[in-house]
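Asks: All chains should be modelled from the sequences, with the hints used to inform the complete structure.
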Amino acid sequence: MSVDMRTYLGHVELVNPIITAAGCAASGSELAQFFDLGRIGALTTRSITMAPRAGRPTPRMAETPSGMLNAIGLQGPGVDAFLERELPWLAQRSVRTVVSIGGGTVAEYTALARRLTDAPGVSAVEVNLSCPNIEDRGRVFARDGAASAEVIASVRSVMRYDVPVVAKLSPDVMDVVSVARACVDGGADALSMINNPLGMSIDTEAMRPSLAAVTGGLSGPAIRPLAVRCVWQVHAALPGVPIIGMGGVLTGRDAFELILAGACVVAVGTALFHDPYACLRILRELEELLAARGFHRLADAVGLAHRPPGASTRHRIDLEESSL
Amino acid sequence: MSVDMRTYLGHVELVNPIITAAGCAASGSELAQFFDLGRIGALTTRSITMAPRAGRPTPRMAETPSGMLNAIGLQGPGVDAFLERELPWLAQRSVRTVVSIGGGTVAEYTALARRLTDAPGVSAVEVNLSCPNIEDRGRVFARDGAASAEVIASVRSVMRYDVPVVAKLSPDVMDVVSVARACVDGGADALSMINNPLGMSIDTEAMRPSLAAVTGGLSGPAIRPLAVRCVWQVHAALPGVPIIGMGGVLTGRDAFELILAGACVVAVGTALFHDPYACLRILRELEELLAARGFHRLADAVGLAHRPPGASTRHRIDLEESSL
Amino acid sequence: MRETPVTPVQVTGTVLTTRRVDAYHALTVVAPGIAERFRPGHFVSVAVGGAQTSTLTRRAFSIHDVKPDYSGTVEFVFTVRGPGTAWLAERRARDTLDLVGPLGRPFPLPRDPVTCVLVGGEYGSATLFTVADALQQRGCRVDFVLGAASADRVFGALRARRMGETTTLTTEDGSLGLRGRVTDVLPGVIADVRADVVYACGPMPMLRGVTAVAVEFDIPVQVAVEERMACGIGVCMTCVLPVIGDDGVTRMVRSCVEGPVFRGERVRFDDVGTIPFDALGAPGGGSRNVG
Amino acid sequence: MRETPVTPVQVTGTVLTTRRVDAYHALTVVAPGIAERFRPGHFVSVAVGGAQTSTLTRRAFSIHDVKPDYSGTVEFVFTVRGPGTAWLAERRARDTLDLVGPLGRPFPLPRDPVTCVLVGGEYGSATLFTVADALQQRGCRVDFVLGAASADRVFGALRARRMGETTTLTTEDGSLGLRGRVTDVLPGVIADVRADVVYACGPMPMLRGVTAVAVEFDIPVQVAVEERMACGIGVCMTCVLPVIGDDGVTRMVRSCVEGPVFRGERVRFDDVGTIPFDALGAPGGGSRNVG
Ligand SMILES: Cc1cc2nc3c(=O)[nH]c(=O)nc-3n(C[C@H](O)[C@H](O)[C@H](O)COP(=O)(O)OP(=O)(O)OC[C@H]3O[C@@H](n4cnc5c(N)ncnc54)[C@H](O)[C@@H]3O)c2cc1C
Ligand SMILES: Cc1cc2nc3c(=O)[nH]c(=O)nc-3n(C[C@H](O)[C@H](O)[C@H](O)COP(=O)(O)OP(=O)(O)OC[C@H]3O[C@@H](n4cnc5c(N)ncnc54)[C@H](O)[C@@H]3O)c2cc1C
Ligand SMILES: Cc1cc2nc3c(=O)[nH]c(=O)nc-3n(C[C@H](O)[C@H](O)[C@H](O)COP(=O)(O)O)c2cc1C
Ligand SMILES: Cc1cc2nc3c(=O)[nH]c(=O)nc-3n(C[C@H](O)[C@H](O)[C@H](O)COP(=O)(O)O)c2cc1C
Ligand code: FES
Ligand code: FES
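Chains A, B, C and D supply the protein sequences, listed in that same order. The opening residue of the first sequence carries number 1 in the UniProt record's numbering; numbering runs sequentially from there. The opening residue of the second sequence carries number 1 in the UniProt record's numbering; numbering runs sequentially from there. The opening residue of the third sequence carries number 1 in the UniProt record's numbering; numbering runs sequentially from there. The opening residue of the fourth sequence carries number 1 in the UniProt record's numbering; numbering runs sequentially from there.
Just so you know, these hints were derived from the structure itself, not from any lab. Wrong hints could be hidden among the right ones.
Unchecked claim - Stretches of chain B that chain C covers, calculated by requiring three or more beta carbons in the stretch to come under 8 Å of a beta carbon on chain C:
id, segment
1, 28–39
2, 44–55
3, 64–78
4, 272–286
Every residue, glycine too, gets a C-beta built ideally from N, C-alpha and C.
Replies: Structure, rendered in structure tokens:
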């Protein structure tokens, strides 16, 4: 039962494909109480912003069927405090760290990237494109391929060549493949999907929106079918681009589903709220599933569900046609 | 406990706001075994096409967390058989009928509408815009405001003036409000939302897509937060336009949620698969909820969650600021 | 428009007994409205997972037995496959269960006292005993052929031995009866007993094989198929398979309301999972615009 | 970065007993790891709905009691509000329950044997008895003020009478003790017993009122707040409220890890549900770019 679980984001090797999703693991120290963060592929930070942010008013959360809505509003300490306290804490413990960044203008994203360039301990930068573009009437970058590409190109141009830049996509678009392609053309080394689709719920007692912010991001198993579809479509169109898949992963089976669709890394978000050990459990379950199906390497399973109807699994594995 | 449950789609009065969703009640006779169809607001037909259609291969269904994926492919008897057998059956029983139509070109939608013009028993026409536009590389009409508006304008121009034309929108767009606005500008008397977002699941045993059609439409409670958000946004932007809300309604509470968001009619789809009596149960629960909260008229609850933070419910009801 | 012969009802029944039968679970549920309307071949659909469940679609199970106790009980037999059946396996006496039934078109019964071979695969055998009962009441001779992968998955062997003139068992691993499949022994049984008709319930590949045998002997065969179902009442269109109609035209028909029982030779087994090019309404097919 | 003083653990505990206490349900669960780490004021979070549940977020409950039986049990008391608590109310002895705990910062205890008034509202009272116990072990005097809407919602009146020097009860409908709210009687109690410190747990409006009274008397007050929580372990950022830090700066702090116990006067009760303009990182606030 020894499966080679290593995977790659660009040139960065991760010991295994299970990482935390942005904004779902706070500063890292909270989860470190439960397990050694070095045992997972990487930790993704919350989306770091230039200034400290107090976020949105409460209620920030509402439960929905097999999911939840959140409207946190990128609460965080700002990049200075992040570089002073949170990143060094992770670096000291040799935790592979994907730093998520969020901004309101291309310039702000770029400035953030510049601040990260010399910081030790940045394994990759994930660009959270689901932020309102204050120069385009608050339209979210991720909904517009050109705006997304501009952010990515600018971030890519200032980041160190050996730090992959990951573009995080939203499902709230007409055609996720065209946004993905624009980001790759703009220089993205990898893609990450999906960020939360926009949802809403109403408190039928108060007869008001449940969230103070009215709308919020939907997460959890409810959105997994959207995540699988986005990963599938993008992997089919851009088979060479590494994908971080996420959206409603609760179990090893769910992670395997995203891997079969084309993800080479799987991020766990909402499941962490339910089970602080979720990442390790999912990793174990995934490894067992792979072993039970005779895989020697995780890489051989990536995108495997795309093989043509007649083709057997063996065939694919023997030819080592992995998409990595 | 007597609440006035009447509601209006344009000038068409429905005895109550609970109707079936397109494609979820087959020809009507199947549900008629369980209850008198005259007791619900209306029955929406499956999307009628010009020619008979065999639909998609099986498996056509996969269960997902709090939802399901379907890829039926508009299986149906075609408009001739529909007009010969299904519509007369409904008309004989005085069942209010919303006829859903689906086509591959503007011309096909228009031809369908023309066939319906003189048919007795058509209360309204719902235009299923989530069909691939064969003149635009299969891009779904609903994803493009201009294409949607063109279909609506053409259908509107041939339908009798007293039969409302309802545009059915998809959540898989960058901005549902702009598509809604285009449809209303094109002549839609009402809007219906949401059709199924595109999803996918993979059978991790077979390591293949669960559906023969690979992707399918996601329905059920999982998508209710998307439906509430779309209804809310469109009602906020176009407060005078009647909205048929749908997406994951299982209970009277869920219907009330969509009504508070701005729907004046609520369609029930997937819930019918779980509970053949769903429409009547939801209607009863909704009426009880309204009565318990002191409403005398359903109309007073429509869009009520939009009232400004300070405003009380009473205020709204007293001024009869209903959005109908 | 074909009317379903029996009007189904929805009932919240109480679980009376639960039992294990080798590899299977069996639940007996008090459901008078369903028991009273039951005819052999009917199935029920069951809501699973309880109040806050994330599993929304009903699960279909053939009715194994109905009894008059407590104004009417139904029993079904199942194997644990996924979350729904796992949840059902945890039910205990006095729990409530939401059932809709009886569903589907039952097995048509011959008018005359003919000789019938009843073929069951895995839990499919569970459906056959009420059929056998009805046949015997009409003076028919009944012979059983039951098979499964292994001994613990052959359902109802004892009861078959009690009821049938002959009972032939097969297992793929040889742990009970003859090693092999039911289709290996079926020709012999048909010839020996001079069968007039075959009734079959089991996995689709078995039904295909059984149908082929019956066709070879030129005797009628009634099969109860199993397709993925979301509603069981004919409204969702997920459970279709290609079936040749009386007019010779292939249509994608719903197995929940137009089946699950079909004349075997009418089912295009080789084309299940596809839309045959000559089916009514097939994409680009010649039958477009055929009413 | 503040470290949570106690490391929480996740345990799958067995329900030992279930009981009704007036309007409330109480569950005792065998959870040695949690019981052993417990300090008064801690809470647990509970997974609800079973294997296929659609309710994904954990539910938070104050720990009412811990006992050494079966290597350690914890008990919590709850009222049925929505689907999660409805499901919990259906649990029976021997069912298993997935708990994470102990969570949060417990009540700080005074070094000296001072006089403490413990104020509880509704099920908030359930938290106070382990506090009272710890205080009495340090030689403190304990007086109770418990209130609720009606008699059946006043939790622990009997136990308070046994443990406290004095116990004052209030109900809004006058069905038990004095008609009114705890804040109506609290000034009198504080004055009578010459209280040195107040401990409070209950609904937010009550905590605000209790804090105002304590501030008026210029004595410290420790309140355990209740905010909507999704994770309970500090990773989701949903449970924040504006709290003034030692440096005088208001921050949106997580009540699950930095609370639920706070010094009352530090909580900006009037601004709960908003981002005060002067909070660190408030939109457009003067504190932008403050590290
Ligand atoms: C007419 C009919 C009679 C049946 N009788 C029996 C019986 O007597 N005993 C028995 O053990 N099983 C029977 N089945 C199969 C049974 O319905 C499935 O095993 C069961 O639905 C699986 O549910 P699950 O949650 O365990 O699995 P999952 O795979 O998680 O089910 C997911 C979804 O797929 C559907 N599904 C999955 N497999 C099947 C299947 N084989 N047939 C239909 N729907 C499926 C379920 O209804 C559900 O909607 C019958 C099926 C049909 C159509
Ligand atoms: C630190 C703390 C201690 C608590 N102690 C107790 C206790 O001892 N006894 C008791 O009866 N209740 C207690 N509560 C409140 C309890 O958590 C809620 O009543 C419960 O979560 C409601 O769940 P539900 O499914 O019944 O309701 P729903 O309203 O359906 O819950 C939906 C979601 O909102 C959250 N939620 C709803 N109300 C609250 C609330 N008031 N506080 C926190 N989250 C909420 C739930 O966790 C869930 O995620 C406590 C809350 C906190 C934060
Ligand atoms: C509470 C919460 C906070 C989140 N914060 C961020 C964030 O700061 N940046 C980001 O890119 N995504 C954020 N996300 C989105 C997640 O990273 C993830 O894309 C999404 O939740 C889907 O995965 P899940 O279903 O496993 O949670 C957040 C999600 C949640 C639930
Ligand atoms: C099996 C199935 C078939 C459907 N067929 C159609 C259709 O023919 N035309 C259409 O406009 N919508 C169709 N829909 C979409 C529904 O009408 C509805 O918009 C959607 O399912 C959301 O509602 P629900 O969650 O209550 O099912 C179908 C949905 C399902 C589940
Ligand atoms: S299962 Fe729904 S139509 Fe047959
Ligand atoms: S509940 Fe998640 S941070 Fe407090």
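Asks: Per the coverage rule (Cβ-Cβ under 8 Å, at least three residues), is the segment 64–78 of chain B covered by chain C?
Replies: holds (count 10)
Asks: Examine the segment 44–55 of chain B: at least three residues should have C-beta closer than 8 Å to a C-beta of chain C.
Replies: holds (count 7)
Asks: With a cut-off of 8 Å between beta carbons, are at least three residues of the segment 272–286 of chain B near chain C?
Replies: Check passed, 6 qualifying residues.
Asks: Using a Cβ cutoff of 8 Å, are there at least 3 residues of the segment 28–39 of chain B near chain C, or does the coverage claim fail?
Replies: holds (count 5)
No hint from the list above goes unmet by this structure.
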